[in-house]
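Mapping of the first sequence onto the numbering used here: residues 1149 to 1982, in sequence order.
Mixed in with the good hints, there may be bad ones.
[Claimed, not checked] Mimicking DMTMM-like on lysine to aspartate or glutamate, the simulated pairs with C-alpha atoms at most 25 Å apart in a straight line are:
1. LYS1310 with ASP1590
2. LYS1806 with GLU1750
3. LYS1310 with ASP1288
4. LYS1394 with ASP1414
5. LYS1851 with ASP1161
6. LYS1361 with ASP1336
7. LYS1361 with GLU1384
8. LYS1805 with GLU1795
9. LYS1623 with ASP1297
10. LYS1310 with GLU1795
11. LYS1155 with GLU1783
12. LYS1395 with GLU1434
13. LYS1535 with GLU1386
14. LYS1310 with ASP1320
15. LYS1748 with ASP1617
16. LYS1361 with GLU1386
17. LYS1394 with GLU1411
18. LYS1748 with GLU1814
19. LYS1281 with ASP1684
20. LYS1712 with GLU1783
21. LYS1499 with ASP1314
22. LYS1806 with GLU1881
23. LYS1251 with GLU1475
24. LYS1513 with GLU1546
25. LYS1310 with GLU1519
26. LYS1513 with ASP1336
27. LYS1394 with GLU1434
28. LYS1586 with ASP1183
29. LYS1269 with GLU1249
30. LYS1302 with GLU1263
31. LYS1535 with ASP1771
32. LYS1816 with GLU1881
33. LYS1499 with ASP1385
34. LYS1806 with GLU1887
35. LYS1269 with ASP1297
36. LYS1361 with GLU1475
37. LYS1184 with GLU1716
38. LYS1395 with GLU1384
39. LYS1623 with ASP1654
40. LYS1251 with ASP1464
Since the hints were made in silico from the structure, they are not lab data.
These numbers come from a predicted model, not from an experiment.
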Amino acid sequence: MSRELAKGYEPHDVEKRWYAEWEDKGYFRAAATSDKPAYSIVIPPPNVTGALHMGHALNNTLQDILCRWKRMQGYNVLWMPGTDHAGIATQNVVERQLAAEGKDRHELGREAFIERVWKWKAESGGQIIGQLKRLGASCDWERERFTMDEGLSKAVRTVFVKLYQDGLIYRDNRLINWCPRCHTALSDIEVEHEEKKGHLWHIRYPVAGEPGKYVVVATTRPETMLGDSAVAVHPEDERYQALIGKKVILPLLNREIPVVADEYVDREFGTGVVKITPAHDFNDFEVGLRHNLDRINIFDESGVINAAGHQYEGLDRFAARTRIVAELEEAGLLERINDHGMSVGGCYRCKTVVEPYLSLQWYVKVAPLAERALQAVKDGRTRILPKQWENTYYDWMENIRDWCISRQIWWGHRIPAWFCDHCGEITVAMETPTSCAKCGSDELRQETDVLDTWFSSALWPFSTMGWPDQTAELKTFYPTSCLITGFDILFFWVARMMMMGLHFMDEVPFTDVYIHALVRDAQGQKMSKSKGNVIDPLTIIEQYGTDAFRFTLAAFAAQGRDIKLAEERIAGYRNFCNKVWNAARFTLMNLEGFDPATTKIEGLPLSQGDRWILHRLNETARDTGKALEEYRYNEAAMGLYQFTWSEFCDWYLELSKKDLYGDDPERKQTTRSVLWYTLENLLRLLHPFMPFITEEIWQALPKNRETGNGKRETETIMYAPYPEYCEHLSFPEAAADMEKVMAVVSGIRNIRGEMEVPPGREIAVILSCGSQESLRLMKHNEGSILGLVRISDLAIGQGIEKPEDASIQVAGDVQIYVPLKGLVDVAAEEERLL
RNA sequence: GGGCGAAUAGCUCAGCUGGGAGAGCGCCAGCCUUACAAGCUGGAUGUCACAGGUUCGAUCCCUGUUUCGCCCACCA
1149 MSRELAKGYE PHDVEKRWYA EWEDKGYFRA AATSDKPAYS IVIPPPNVTG
1199 ALHMGHALNN TLQDILCRWK RMQGYNVLWM PGTDHAGIAT QNVVERQLAA
1249 EGKDRHELGR EAFIERVWKW KAESGGQIIG QLKRLGASCD WERERFTMDE
1299 GLSKAVRTVF VKLYQDGLIY RDNRLINWCP RCHTALSDIE VEHEEKKGHL
1349 WHIRYPVAGE PGKYVVVATT RPETMLGDSA VAVHPEDERY QALIGKKVIL
1399 PLLNREIPVV ADEYVDREFG TGVVKITPAH DFNDFEVGLR HNLDRINIFD
1449 ESGVINAAGH QYEGLDRFAA RTRIVAELEE AGLLERINDH GMSVGGCYRC
1499 KTVVEPYLSL QWYVKVAPLA ERALQAVKDG RTRILPKQWE NTYYDWMENI
1549 RDWCISRQIW WGHRIPAWFC DHCGEITVAM ETPTSCAKCG SDELRQETDV
1599 LDTWFSSALW PFSTMGWPDQ TAELKTFYPT SCLITGFDIL FFWVARMMMM
1649 GLHFMDEVPF TDVYIHALVR DAQGQKMSKS KGNVIDPLTI IEQYGTDAFR
1699 FTLAAFAAQG RDIKLAEERI AGYRNFCNKV WNAARFTLMN LEGFDPATTK
1749 IEGLPLSQGD RWILHRLNET ARDTGKALEE YRYNEAAMGL YQFTWSEFCD
1799 WYLELSKKDL YGDDPERKQT TRSVLWYTLE NLLRLLHPFM PFITEEIWQA
1849 LPKNRETGNG KRETETIMYA PYPEYCEHLS FPEAAADMEK VMAVVSGIRN
1899 IRGEMEVPPG REIAVILSCG SQESLRLMKH NEGSILGLVR ISDLAIGQGI
1949 EKPEDASIQV AGDVQIYVPL KGLVDVAAEE ERLL
């Protein structure tokens, strides 16, 4: 029995009701083993600390569309959900809370702090999961994982131990990027470079033993001079030949440092003399290696000058700069200051300016891993779409440097390495060793560092499926079918999953990678809290409904282009939802007592209009599927929009009234069948995009009783088969004719106005054929009703300027009938009017 | 310094393998028409950034220019 639908679509109640139902019934569940073909996607795990933002909304809408579509196509779909422990980010959140209580983590101690983070996670972490549900995400929630849960921790330890044994993990004391606020090392890609205005200070370094003589060095960071252990010139620079091998006096500290010759120096830049600070500059570090220079670390872990800076000890690095510049000037050693643009690196978590910092860290030797990851894409075993991202991927993989994986924070996977204080042996093992394997001492202490968050997420495609155990899930769902993500984590995540997947599973982690755009505001600005231009997806959902929002995102998701989200567009698709809703109401009103089982489309006496809409439905199904195959979400969405509104609603529903309200029972029944069939299939096509409204209407549609006890093949539209192109419902000639009808009706509109149109609500346009002229337009349609227009279509008040305006040149053979009031002879009308 | 992308109606954007310039919103005019005023009907609006080239034909392909945006890079 059909249910009464409310006059306008009210999303909130519908969304809540159906999501609960789907979840209760276990419709999102994937089977570990199944006869059906497998389709799998792993979610890019959002940070536990996260709240749903536009990026998530887009990313997960696109994934959900694919999952729902594949499920309807009969696949055994696994959408693996979960969250990331987000080391630094999460630690920062909890540290801020502590700060608000006037405490810091060191007061608590490591264990208590970690406990506190877990407590926080239990209480308020994972709100994003609830928000994903609001979005309609059809993840298999029963499988939800966390990058620090027991299974994933085991996977992380296994990988670490194996890589260590393979010689792919090592420790080294070198310069890394250090965040003086987070107090941890960062990998190269965790540093965000920004062009900033700075200065180039030209400083005089007196030559030792030659009073009055000095060389001028140019630097953007005068405070680092405290750590200078040389100045360098180019070996072939004629100006400075005499200087090479001599010593200069480091101003302020009055330390003698050598002048070295190194090809690294650019003669053209500045004065051609460079101060060398091996402990605080990546280039200088290399120069220092070549010339065996001291590495003088002048900062503590907060970027405050340490004892090596003598009289400046205790000064923050920027305060030190100010003071050093002032003192140099006082001493007459500051020659000049130039404005100078430069790029400054900031911590990707807290934006603090990072410091090149000398320290002992753990690294992954990535070159061998990268080679395979590179090859897999070149071979096409993994496709990256849009294709232009392949180059970016290649470029990065080809120039990749070793990955610093240790972090000096507490929240994360603690590195499974133990140091023996007696013999210095390092034991790397799955479980805590009881004694040193080398000297037998039981005084072992575990490494305090934890792993980079991205280390555990690199394992996500297989760790979530139970690896290192050989599970049925791995067998069924690995490699995954597709990964959908933003380009911002191509290096952080995608590239590393490729490396780890190939190394540990010997197979790529996914066959397709679809890179989507960034969501910006309507002006094209990146959304950020500081700019105050953030649009909250949940506010949008409240206001317009999830389906409208999802449809908007899909319609905007053109490949390779950022999305500038304009709120008016969302309103437009909210209207579209309402249009679908009302088309359904109209259909339902006319389907009283209709049983789809009794009237199969095949074999019905279809009118031209029937054939046309069935043909267009058929084409739309074909086009939508094809667009989705190619990740052309916007084309799929736009095609459905056009079909629904401009064809089904604007034309077919109007045409159908003639038959539905007419007195030909056969026509009426056929029309009801076509209406039902078209709407039912349209709902299925729309379902991946608009899951809620389509389920609500689908449930209200008359059920096919053929399957027994009034039930459908499936209880939910989620598992109703996705429409495919059917050869026998292809009526190209009907489509061609209908286009002509539309053209003719438009033509008739041109002669309205000066026609006397009797009162009444509708008229039918009937075309009969006779002459050659009309045959050209209407040859298959003798005597049939081709179009129905409302009386208001024939608006009064607009005349014809010239005969060509009446594009009904065949008017002599065309008659307009007004069913309620009799017949208007167009030929006569035209005669009269023109 | 390399690399990538974009420039189409007032606004936000489609336009995939050269031949019709399009959508939504906004604007103007008219409609409370029993599916829908979150709607219906009609209307106005464009040197498709600029300059060359290829072609019977270019928004689309090629070259160059300009303007924006992004990514990567160790020139102090």
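*May I ask which of the numbered hints given earlier this structure violates, with the numbers listed in increasing order?*
Numbers 3, 6, 10, 11, 13, 15, 21, 23, 28, 33 and 37 - these are the hints that the structure violates, sorted from lowest upward.
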